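Chain order of the listed sequences is D and S. Quick note: the first sequence uses the UniProt record's numbering, first residue 1, plus one each step. Quick note: the second sequence uses the UniProt record's numbering, first residue 1, plus one each step.
Take the hints with a grain of salt, since some may be wrong.
Derived lysine-lysine pairs resembling BS3-like cross-links, with alpha carbons at most 25 Å apart [what the hints assert, rightly or not]:
| id | chain 1 | residue 1 | chain 2 | residue 2 |
| --- | --- | --- | --- | --- |
| 1 | S | 43 | D | 245 |
| 2 | S | 42 | D | 324 |
| 3 | D | 371 | S | 59 |
| 4 | D | 379 | S | 89 |
| 5 | D | 292 | S | 43 |
| 6 | D | 277 | S | 94 |
| 7 | D | 394 | S | 217 |
| 8 | D | 189 | S | 48 |
| 9 | S | 152 | D | 393 |
| 10 | S | 108 | S | 93 |
| 11 | D | 379 | S | 90 |
| 12 | D | 277 | S | 108 |
| 13 | S | 93 | D | 277 |
| 14 | D | 371 | S | 64 |
| 15 | D | 207 | D | 189 |
| 16 | S | 93 | D | 324 |
| 17 | D | 389 | S | 89 |
| 18 | S | 94 | D | 298 |
| 19 | D | 371 | S | 93 |
| 20 | D | 277 | S | 89 |
Rather than coming from a laboratory, the hints here were simulated on the basis of the structure. Keep in mind it's a predicted model, so treat the numbers as computed, not measured.
Next come the chains, spelled out residue by residue.
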Amino acid sequence: MMLMQRLFPNLVTNKLCSAKILTNFVLRCTYGLNNVGSDDPGVEIPEKKIVEEKTSLAMRAYLQRATQYNSFMDQQIHEYKIGKRHLANMMGVDPETFTQKDIDAAIGYLFPSGLYDPKARPLMRPPSEVFPPKKDAEFDESGRPFHVFFYTGKPNFYSILHNIATKLVELNKFEDSLRKNNILPDADKKLTSFGSQWLSKEDLEKKTVERLSDHEYKHFVVAIERLLNHACAYKLTEFISEYQKPMISTKSIVESSPVLYTKDGRAYVTVKDCPRKDARADVTVYYPGTGKLSINGKGIEFFDYIQAREQILFPLLFTDMIDKVDIEATVSGGGVSGKAGAIRFGISWCLCSFVDPEVVERMRIAGLLQKDYRRRERKKPGQARARRKFTWKKR
Amino acid sequence: MALFVKHLRLGLIVKHGFHPLPQLTAAKYSVYPPHYVEPVFKKQDIDKLQESGEIENYKLVPFKAARSNDTCSVFHDPLVSKFINYMLKKGQKKIARQVLENTFEKIKRLQLAKYNRETDPERKASIIIDPVIIFKKAVSNCKPLLKLTAVKRGGSYYQVPVPITDKESTFYAMRWFVHCGREKDKAVSFADFMASELINASNNDGRVFKKKLDLHKLCEANRAYAHYRWS
Numbered sequence: 001m002m003l004m005q006r007l008f009p010n011l012v013t014n015k016l017c018s019a020k021i022l023t024n025f026v027l028r029c030t031y032g033l034n035n036v037g038s039d040d041p042g043v044e045i046p047e048k049k050i051v052e053e054k055t056s057l058a059m060r061a062y063l064q065r066a067t068q069y070n071s072f073m074d075q076q077i078h079e080y081k082i083g084k085r086h087l088a089n090m091m092g093v094d095p096e097t098f099t100q101k102d103i104d105a106a107i108g109y110l111f112p113s114g115l116y117d118p119k120a121r122p123l124m125r126p127p128s129e130v131f132p133p134k135k136d137a138e139f140d141e142s143g144r145p146f147h148v149f150f151y152t153g154k155p156n157f158y159s160i161l162h163n164i165a166t167k168l169v170e171l172n173k174f175e176d177s178l179r180k181n182n183i184l185p186d187a188d189k190k191l192t193s194f195g196s197q198w199l200s201k202e203d204l205e206k207k208t209v210e211r212l213s214d215h216e217y218k219h220f221v222v223a224i225e226r227l228l229n230h231a232c233a234y235k236l237t238e239f240i241s242e243y244q245k246p247m248i249s250t251k252s253i254v255e256s257s258p259v260l261y262t263k264d265g266r267a268y269v270t271v272k273d274c275p276r277k278d279a280r281a282d283v284t285v286y287y288p289g290t291g292k293l294s295i296n297g298k299g300i301e302f303f304d305y306i307q308a309r310e311q312i313l314f315p316l317l318f319t320d321m322i323d324k325v326d327i328e329a330t331v332s333g334g335g336v337s338g339k340a341g342a343i344r345f346g347i348s349w350c351l352c353s354f355v356d357p358e359v360v361e362r363m364r365i366a367g368l369l370q371k372d373y374r375r376r377e378r379k380k381p382g383q384a385r386a387r388r389k390f391t392w393k394k395r
Numbered sequence: 001m002a003l004f005v006k007h008l009r010l011g012l013i014v015k016h017g018f019h020p021l022p023q024l025t026a027a028k029y030s031v032y033p034p035h036y037v038e039p040v041f042k043k044q045d046i047d048k049l050q051e052s053g054e055i056e057n058y059k060l061v062p063f064k065a066a067r068s069n070d071t072c073s074v075f076h077d078p079l080v081s082k083f084i085n086y087m088l089k090k091g092q093k094k095i096a097r098q099v100l101e102n103t104f105e106k107i108k109r110l111q112l113a114k115y116n117r118e119t120d121p122e123r124k125a126s127i128i129i130d131p132v133i134i135f136k137k138a139v140s141n142c143k144p145l146l147k148l149t150a151v152k153r154g155g156s157y158y159q160v161p162v163p164i165t166d167k168e169s170t171f172y173a174m175r176w177f178v179h180c181g182r183e184k185d186k187a188v189s190f191a192d193f194m195a196s197e198l199i200n201a202s203n204n205d206g207r208v209f210k211k212k213l214d215l216h217k218l219c220e221a222n223r224a225y226a227h228y229r230w231s
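This is chain S alone, in the form it adopts within the complex:
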């Protein structure tokens, strides 16, 4: 029996040395192993995969679960759901979603009123009524081309203009919208303010569009420091 117990103890110490997989692609805290793939939850996207024959490659690949704001509904838009995430406070997504829906309703009402007032058929056709299209246009109009980063040279910091990725510039534009919405008067509701701001931005006008131009001007003013990016 003593032999047996000894064996047990030895076994406890040296049983298979299981180490966690080294982090290759997965995030540091991801619960999924690194070879799990992000789900493709839109029907059109899967159709595209099927047409190109790429779907065969995924036969043996495990997929992560679709997230709780992913859906194949026609009303789902990735940019809009991203914007909801940027504007929410303290995880109150329900409220953020309601506010954005109100905003879209206001936009639609304003545009419809404009549409009904217009008598010229040519101009009438050019008025966009879909709030999501207006939102997308507004964001793409406010995307900056450059950004400023602080670089330390000779003891002092210089604001150096550097190129910006598409994802980052989208983030900048959306963040400006949210900040503008928070700086407004208390008398005006967020939805009202945001509706007018989005419509203005879609026509290359308004506070957020001005912010983008200001950033471009600053970059232009600091162009002398541009070489600090590489030297």
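Isolated chain D, as found in the complex:
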């Protein structure tokens, strides 16, 4: 206890304080109860008991649940704080300046986990992140629900769907009125979903504080896409953008590698470990050059498969740099097409440093700068191959 007190003076005093408040509270209550009906103006007559009798069963159950949840959370937060201080002391750092980042690092250090799935590794996060938040009471004291859609079970989600539907009807009316006056909706103002995506299922769950099934989420996407594709949807940009989020900016991803110089002043770029299937390639591109190509010491005849040769020439043809650069590549692992794909990837990334940003954007659109994640699909039990099923026999 002494040690504890020395370590956590603040905590202990806090505890004492809370105890004090508690005792005070109890004292005042008894004082109040004892003086029920007295004429003393300083004493409040508690009417709580009478109110409680009126409250419905649902409300009482809710109150019970809420207090349970709150006390549980308080307990968790308390434990988290103590755990944090323990960790800080174990790591020999000042507990006051110990942040969440430090906690993650400490856990990684003290509990090294070989488990593959990040979800299965040990972690320590604030309880508010770990335990899902609970909704406030959705009904009044007599048990009457506040929300019209209370009995759908997911009022917030269904009210979103309802809003979308009503907006769609409004837009239809608006379009009708336009067409009555022989005005066609402006085609230039038509909305597109380019560069943005819909809120993911998790985001929507957070927004509504309700658990959604995949099927329900699909419903939502279908509905909001229908609204977006309406000819007059430009009237509702604000409403629609509430449910959109930008796609990850690709600009930051395409960052060309640094240009180095040889002794005789030629610029060159090296990209290492270019992947495709099981093949890995190290590619160096020299600029200016005369179109020399060497793959593991050989020329393009390293591949006798025409498609593989085409793959190597693809980025060079695309950027018109075929006779302006020299290429040196070493490949290992994988098969023919994997090797060719790895070299193609390396050449494309090297060329990024020597061409205009506009051309880099074109290369991105052509799919030259995206890593190909596809791998051989595994064979499944109960099937002949990855997808092929056994011949079905009745008996």
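With chain D's structure known, arrange chain S on it following the hints.
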């Protein structure tokens, strides 16, 4: 410490419930997320995008990687590479490609011989020598307009003629070519057979063209059942 370990265990169970994205547009087994777009790998196509200003829309859209048979080379043709995929056996694409290249060479030799034999300048100009153009013409000549599907009515199946999509009819035509090539005599090589077959089909003649006409005849014969498509 016990508190701490307990916390860890709780955390293990309830850590962020990450669910995979629901399948919206992507294929069931696709490694790319659904918002990834198919690459546009032909230079002319990207030029078209740039001219129409559509390229601005793609600024923030991620693209899938170009596949290993995609290239911006002038020798690449999507229909031809599709045909290679249809005719290959057990993934032996290298062999399939070589066979088709031989076929194209044979076509070119045959057409050149015809071209040199011809004396009338008007006719001479009408002879097509490019094998890819002949191939495309042959396929488009053999595309059926209708197909037959089995529909069960009253316990028995009826062959009902139904309209066909462009993609499907192209597939039918190419599949007939491949099947014809496999039914030939063993004495004749695939390339020889295919060359003559493609040239014939480009002139509205030959086995594959006959197959298309046969299908049309069958559809005509079964036209009485056409209403089973909707009733």
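*Of the hints stated earlier, which fail here?*
1, 7, 12, 15, 16
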